[in-house]
Each structure stands twice: as structure tokens, then as C-alpha cells.
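Engineer: Spelled out from the first residue to the last, the chains are:
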Amino acid sequence: MTEIRFSGFGGQGIIRCALIGGKALSIYGGKFATMNQSFGPEARGSACSSQLIVSDERVLYPYITRPEILVSMSQEAYEKYQAELKDDGILITDEDLVDPKIKRENIKHYSIPATRFAEELGNRIIANLVMMGFFTAITKITTPDTMKKALPGLVPDRFIELNKKAFDKGYEYGQKALDEGKS
Amino acid sequence: MKVKKSKADPKGVLTGAHFLDGDYALAEGALAAGCRFFGGYPITPSTETAERFSARIPTVGGVFIQMEDELGSIASLIGASWGGLKAMTVTSGPGFSLMQENIGLACMMETPLVIANVQRGGPSTGLPTLTGQQDMMQARWGSHGDYRIIALSPDSPQECFNLTIEAFNLSETYRVPVFVMTDECVGHMHEKVVIPPAEEIEVVERKWYTGPKDKYLPYKSDKDGIPFMVKTGDGYRFHTTGLTHDERGYPVIDAQCQKVNVQHLIDKIENNEDKIIQFEEDQTDDAEVVVLSYGITSRVAVKAVQKARKAGIKTGTIRLITVWPFPEKKIEKIAKKAKAIVVPEINAGQVFYEVDRCSRNKCSVVHVPHLGGWVHDPDDIFKAIKEAAK
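As given, the protein sequences belong to chains A and B, one line each in that order. Per our numbering, the first sequence runs over residues 904 to 1086. Per our numbering, the second sequence runs over residues 11 to 400.
These are computed hints drawn from the structure, not numbers from a lab.
In silico lysine-lysine, DSSO-like type, Cα no more than 30 Å apart, as pairs:
#, chain 1, residue 1, chain 2, residue 2
1, A, Lys-1043, A, Lys-989
2, A, Lys-1043, A, Lys-1068
3, A, Lys-989, B, Lys-320
4, B, Lys-202, A, Lys-1067
Quantities reported herein were computed from a predicted structural model and do not represent experimental measurements.
With the hints as constraints, model all of the structure from the sequences given.
Structural biologist: Dropping the structure here:
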């Protein structure tokens, strides 16, 4: 079982990340997946998070307790959630938006300028897909094709190609980071 | 019971594997069951069901009305149902309270309709965005007077879909309001939901009266105990009322008619309990402790049961799918064999009291309360199992 938290601020597509991951893994990836999201005022601009539990068996307890993977796309979200990351866990951040100032020896940290890459591709709104590509490469949770299969229905049809491009950009960057042993 | 079953109308069935939250799955279950009328007033955490229904209904063909409030919501359902449509609403907490008077009217008029309650923490406005199981007794007793309803409790988005279809089928079979008592956690949780092809979904069709127009009696029981219905506007003249009434639907204000009328409302459910009640049980045969739960709590409870079994405690489980009517005989049977029944639920004690009553003091019954806002810590349930096994 793997517990994952995606976090950032409202509007970055944080909820969408867990929806894409959950749909991909449960429908196309042969796993069980349970996804939850933050509701209330925090979903509208302040720290926002979504949770995804992935398992080979049916998920019983519906919420994450100590995530193995934390994705943070804002400083506030990083500071709020970093302490719950499990020892030996993976921290993934947006390089330009998060200063990982709290040092932990026992975690692996990977970062990507996801928002900058998205802007270079023409629209910062796809930063979350750059992040999902990077996340898929780093965690190897499933294949990139499985992830991309989940996009129809979760992003507008006319933007699917752009979202795939963003995903690929993040995925390649992630693979390079792994090859170079950057952590 | 003469129940006319047919295949679902493919127009409403979104066949395939989807990643849906429980609220959306409620709407999809309703559409698959043939529901073509939704009247409701938005309230967190149930609004997504209304949103989904309103987005889907134009392609399916039917009516969505955002009513002025929850009193009006149930009133609109009663009208739609008597107009011949399968009708549904969804609500939570305060909205459920507002619906109670007209729920009684629906019961008295023997009107098929489905009410989903995505429970949140109460009382009052309480915890709009957080879970609870605090309306279980309100579902059973919320309106005044004596009557019986049916209530189901799904544990996942998949079951929100399945049990909403079941709710419509039961509602049409017994001419009674049926409740889908889910909660915020299941309502907002996304999981895989498989919607089968329409031809694999069985739906119950209402028992329509087809006899001579001047002979229709809206409250004359058929051999199976359930009266026939007609569609308003089809030329049948009839009267219906919330007042105590005879077979013609005319008010008769005396104790004799009251006895017949109200006893009928009770009997049509109680006499069919064996057909209505569904539960799942696991390893109860030689269990020292049986954990009884429903809805989201039943999933959390299994975590505790797994731990208890590892610790060598013979632990069984019962998961109520139907909460009302209550599986009284089953509980009594278990109470005769087990040392204790442990009842975790997200409230200060509701279904627990029913289990306690049905156990007839044959075993101890332990409540594991949670006042809402989150699900139980499985360890709290484990500790109760361990203590009960001593």
C-alpha cells in the first residue's frame, strides 16, 4: 500500500493530480485506489491538498496516515505537510516555489521547475501535468502510458495534447534526474 | 410478492469503469434505476449529487428542479411520483430535519421515492464538510406517528451506485420512501465504480392499476399487501391524503380506521423483512466477539478485526447493508453464541441501542462512539474488541 499526498494552493490542479493518478491506477493500472480531497475554504486559494491511497488489495481505512510520497507545489503546503512524510519517503517539490528548508536526512527529495516549464510550454495551468510526469518517473508507480490514459474526461478535450506534452516534459526531466542520481 | 422486473433503460446507464465519488455514484445509480425526477436544495456534502443529476438529465430526458427549500423538495417528489415518475432527492443534516414532515406524508400516502442523506456531523449546522453517522435514528423515527421505512447504508462509491438502484426497486415494490444513508466520507471519496450494461441491471416497475376507471381504489391492498397505483392525469379519479384514510383514500377519523391504516404501513415492511434485509457476515460462527457496523465505519472496523485476529481473538463481523428494518433475528442468534457484540459508529449511540435491545441480554453489547468529523481510529475499535473478549 502506498499513501500519497499532493499539496499546493487552490487553483494549481492539486485535486486533479490525485484524480488522474487514482483513475489511471484503479481503472488502467490494475490497482485499488481511494482518493480524497480537501473541502472548505482551503480549497479556494490557500493550502490545498488531495490524498491518494494505492494498494493491491481493497483500501479499508479511507485516509492517509503517514504518506510515503509528498508532492508540494507551494511553500505553505510544504511547511504544513512535510512533517507527516514517512522516514525513507519521497518528497517532490516545485523547485521555484518551494524552499525545502526543513532538513531531513532520512527522505529523498526531488524537485522540478514545473510551473516554469509549464509557462515555457505556453500555459502555467498545466504545471500540475508537468508535475504528474515527474512524479510518475520518480516513483515508478505506473507506466507513463497508463497515467496518460486517464486524461480524457479529466482535462478538456481540446487541451489533451498540451497536457500530454506537459506530462512528457516532466517525465523526461524525472528520468534524467534519476539517471544522474540527483536527489 | 408480484414484482415486475425489467431491464434498465439504456439511456440512463453510463456503462463502463469510472473513477467517481460517492455523490456522483448516487446520481448514476438513480439514473440507471430509471429515476427521471430530481427535486432538491443544495447542501454540503450532498450537492455533487444534484450537480451531477442536473448535468446528466438533459441527455437522458427528465426533470431537475432546484426547489426553494427541503420542505418543497419532498413535496415535489411526492407530486412527481404520483405523476408516474421515479423521483429522488439528496440532502444532509439540517436539510434532512426539514424534510421530516413531508416524509411522513409520503409514508401515509404510500408514495415511492428515494432520499439520499450524505450525513455530516451535527447537531444543527454542525460540520458541513466532515463526516458523521448521526442521522440513523432520525431516518427511522424522524417524522411523527407510527410508520416503517427502509434504509440502506453504502460503504463505497460502488455501493452508492448499487444501493441506489436497490433503493428504487424496494421503494417501487413496497410503495414506501427508501433512504440511502451514506456519509460525507463515502460521498466525497473517489474510487472505481463499475457500471454494468443496461441489460444486466434489473429494475422494478411500479404496479400499475389497469382496471375500469370507476373501480380504482388507491389504498386497497392487492394479495401481496401492496395497493396498485395510477398515474395522475390518466383519467382515474381518486383521493389521497395525509389524514387517516380508508381504501378509497377518503379521511376516516376514528380508531378503527387508524388501526387498519397504520397497521398496514407497518405490516407491509415487517411481513417482508426477510426479503428486504441484507447484511454481510464473516467468521461469526465461532466468534467470541462480533463487530457490527455499517457504512464507512465497516471498512475501518475490518482493520481492527484483522488486528484482533492476529492477536488470537476469535472475531467475526457483521456489516449491515440494510439498517432499517433491523435484522433483529440475526442479532438475537449471534448474541446467544458470542461473548460480546462491539458496535462502532460515528455517533454517540444510535444503532447500538437497537443491537442492545435485540441481544436480549444474552451477551454484552459495547459501543465505540465517535462524535463525527472523522472516522474511527481502528485502534479504538481494537481496544474495545480486546476488552470485550476478556
